[in-house]
Amino acid sequence: MAKDFFFYTDEMTVGYDGKPLIKEIKIELNRGEILTLIGPNGAGKSTILKSITRQLKLIGGTVWIDRQKMQQMPGKEIARRQAVVLTERIRPELMTCEDVVATGRYPYTGSLGILGPEDRRKVRAAMETVHALDLADRDFNAVSDGQRQRILLARAICQEPEMIVLDEPTSFLDVKHKLEFLEILRKMVKENQVAVIMSLHELDLAQKISDQVICVKGERIERHGTPEEIFTSEYITSLYDMTTGCYDASFGCVELPAPQGEPEVFVIAGGGSGIPVYRRLARESIPFATGILYENDVDYQAARYLAAEVVSSQAFEPVSAQTYERALNRMRTCRKVICTLDRFGTLNRENEKLRDEAEKMGRLCQ
Amino acid sequence: MTSYVQETQEKSGRQKILRYGLSFGLLLVLLTVLFIWNVNSGSVALSVKEIFQIIFLRQGEETAYNIIWQIRLPRILSAVILGGALSVSGFLLQTFFHNPIAGPFVLGISSGAKLIVALCMIYLLGKGIMVNSAVMVIAAFFGSMISMGFVLIVSKKIPQMSMLVICGVMISYICSAVTDFVVTFADDSNIVNLHNWSLGSFSGMTWNNVAVMTVIVTAAVVTVFFMSKPIGAYQLGEVYAQNLGVNIRLFRILLILLSSVLSACVTAFAGPVSFVGIAVPHLVKNLWGTSKPILVIPACFLGGAVFCLFCDLIARTVFAPTELSISSVTAVFGAPVVIMIMIRRKKTA
Numbered sequence: 000m001a002k003d004f005f006f007y008t009d010e011m012t013v014g015y016d017g018k019p020l021i022k023e024i025k026i027e028l029n030r031g032e033i034l035t036l037i038g039p040n041g042a043g044k045s046t047i048l049k050s051i052t053r054q055l056k057l058i059g060g061t062v063w064i065d066r067q068k069m070q071q072m073p074g075k076e077i078a079r080r081q082a083v084v085l086t087e088r089i090r091p092e093l094m095t096c097e098d099v100v101a102t103g104r105y106p107y108t109g110s111l112g113i114l115g116p117e118d119r120r121k122v123r124a125a126m127e128t129v130h131a132l133d134l135a136d137r138d139f140n141a142v143s144d145g146q147r148q149r150i151l152l153a154r155a156i157c158q159e160p161e162m163i164v165l166d167e168p169t170s171f172l173d174v175k176h177k178l179e180f181l182e183i184l185r186k187m188v189k190e191n192q193v194a195v196i197m198s199l200h201e202l203d204l205a206q207k208i209s210d211q212v213i214c215v216k217g218e219r220i221e222r223h224g225t226p227e228e229i230f231t232s233e234y235i236t237s238l239y240d241m242t243t244g245c246y247d248a249s250f251g252c253v254e255l256p257a258p259q260g261e262p263e264v265f266v267i268a269g270g271g272s273g274i275p276v277y278r279r280l281a282r283e284s285i286p287f288a289t290g291i292l293y294e295n296d297v298d299y300q301a302a303r304y305l306a307a308e309v310v311s312s313q314a315f316e317p318v319s320a321q322t323y324e325r326a327l328n329r330m331r332t333c334r335k336v337i338c339t340l341d342r343f344g345t346l347n348r349e350n351e352k353l354r355d356e357a358e359k360m361g362r363l364c365q
Numbered sequence: 000m001t002s003y004v005q006e007t008q009e010k011s012g013r014q015k016i017l018r019y020g021l022s023f024g025l026l027l028v029l030l031t032v033l034f035i036w037n038v039n040s041g042s043v044a045l046s047v048k049e050i051f052q053i054i055f056l057r058q059g060e061e062t063a064y065n066i067i068w069q070i071r072l073p074r075i076l077s078a079v080i081l082g083g084a085l086s087v088s089g090f091l092l093q094t095f096f097h098n099p100i101a102g103p104f105v106l107g108i109s110s111g112a113k114l115i116v117a118l119c120m121i122y123l124l125g126k127g128i129m130v131n132s133a134v135m136v137i138a139a140f141f142g143s144m145i146s147m148g149f150v151l152i153v154s155k156k157i158p159q160m161s162m163l164v165i166c167g168v169m170i171s172y173i174c175s176a177v178t179d180f181v182v183t184f185a186d187d188s189n190i191v192n193l194h195n196w197s198l199g200s201f202s203g204m205t206w207n208n209v210a211v212m213t214v215i216v217t218a219a220v221v222t223v224f225f226m227s228k229p230i231g232a233y234q235l236g237e238v239y240a241q242n243l244g245v246n247i248r249l250f251r252i253l254l255i256l257l258s259s260v261l262s263a264c265v266t267a268f269a270g271p272v273s274f275v276g277i278a279v280p281h282l283v284k285n286l287w288g289t290s291k292p293i294l295v296i297p298a299c300f301l302g303g304a305v306f307c308l309f310c311d312l313i314a315r316t317v318f319a320p321t322e323l324s325i326s327s328v329t330a331v332f333g334a335p336v337v338i339m340i341m342i343r344r345k346k347t348a
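Protein sequences appear in the order of chains C and X.
Here numbering that gives the first Met the number 0 is used: the first residue of the first sequence is 0, the next is one more, and so on.
Here numbering that gives the first Met the number 0 is used: the first residue of the second sequence is 0, the next is one more, and so on.
Just chain C, with the same shape it has in the complex:
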């Protein structure tokens, strides 16, 4: 039965002030798994997160934690099972980072909230997990965004929850801190067997860290599956209604639209050597053609989104005379030719020939 999942929502409908926004949401999550919500801004990711953390009343359906209905659980009980990390910035007065982390022990302390030695040890341990022990005595308002998020994660960890809900935890962080944060999260999830539900804006990171992905758009959950099922170029491009540029599934990154028009430059490339040149040409809005690329070549993946035309050849087969002819004709129409290869293998003779032709035409630039 579906209720065997640690966290489970049954026909959950969420929204504000009794008005349903997203209907029939089904989440099935086990401990040790990460579920990520993606989708355009304003689609309702936060609304879902607020509803499963009791900030918003459910409009319909049931939320189950460990086979119990969450709506019927007392607040103290939920506090021992579920911790949150929010996006909204908090500015507590005169609190050290350690004080902030220690608030996570609330569900376990006595009526005056005084920390015992065991609580102190757990606060320290949580800070160690997020590599923030040295911040213990620093004023919370004085630390950087990256440090702040780690402290808030430590706060959630020392609450000893079975699940953590995070709302766009990496939004204000730079690349280094995004990676650091998610790596700590991933390790912690696997080691402590915690279930995680979070929303992320960074598709590349969502693809890499999630066990399950839910796409929120419109009135329903548009799609639900593993990252492999969700992160296809076509689907992501349509999920976000991208009208300019597109999402490249093989690299997990977004691309600006390719420069359109008659190719002015021909790039002889392969084995990844072409990508920097493609990017440079795309940046300068110079339409270009490239070839001859095998379809399993990393250059081919990039060229599909960046080049005006790609002359490609089937993988693991010699390049046919026809393909060579096509490349040569295309090259003849271009003003300039750039060759990014300096060595040619046996299956790559045609590219060498192309280069020689270009040299003869006097269009080869170094």
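Take every hint as true, because none was put in to throw you off.
When the alpha-carbon atoms are kept at most 20 Å apart in a straight line, the in silico DMTMM-like pairs for lysine to aspartate or glutamate are as follows:
id, chain 1, residue 1, chain 2, residue 2
1, X, Lys10, C, Asp118
2, C, Lys177, C, Glu87
3, C, Lys216, C, Glu228
4, X, Lys155, C, Asp16
5, X, Lys15, C, Asp133
6, X, Lys10, C, Asp138
7, X, Lys15, C, Asp118
8, X, Lys15, C, Asp138
I should point out that these hints are in silico values taken from the structure, not numbers from a laboratory.
Mind docking chain X on chain C? Use the hints.
Leaving out everything else, chain X in the frame of chain C:
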């Protein structure tokens, strides 16, 4: 590395405890000194020996005895109790609104209480009924709740902290204007006292007053102290507090009720007293170097007592025999603190 970190943390832990101890010690010493000074100063000069004899042995010259027991001691105790109540009330309001310059005076809560108390007194005295302290407190509580209701409605609509305070100040002006109006046109001789009271003063306290305020303030402050755990959780914001298992609705209602009871009690007996509720919690938190409620609540009470004793001493003695209103003195010392808070916040924001 870890052991080094641990060591420095243990060291800083010891330093913190030392700081807390010293801070409490300092305020207790100040309280004692000001207490003695207050007993000792006034229009009738008395030696320390005489004072000790009067207080502890209950013997001495009759006029002096009466001055000490009937005038100075009730006044001093009121300043201690009401000063403490006022700053705890301010601390609660700051917690509630997540706003460091919230307090019963700037939010118009004191003035609301003042208005209702004035109306109540004029009405009852006009009918020839004597007003006792319990009735005053109840009237003040209703007044507080009315102002508080207005402030809550506004705060729901406009979440900005500056607007909240402006709204409070406006409520305060309206209430004060109405109070002035009714006090001016009330011609009963009993009401002459009202004028003094409506400006704020610790004078004219009776032992009966002291007894009533002791009961109310003790009950409220002890309750607040036992709420230090949820107050601490609430300092990170409502959502985190709720996630930690705090019953937010109940908690918010309790905060409102307790802060209103405390400030109503002050207003009922001493009239509106300005700025203590903002300045004292701020100074106390900086002296202790923490905002942990379990320390700050008792510290606020102590700090408020010291602050009001000090201000009352000045109000009484600087231009003796003319007495200043207590609010004028607390404003002189309290308002700069408020300005300081705002400048500081600007810097760190």
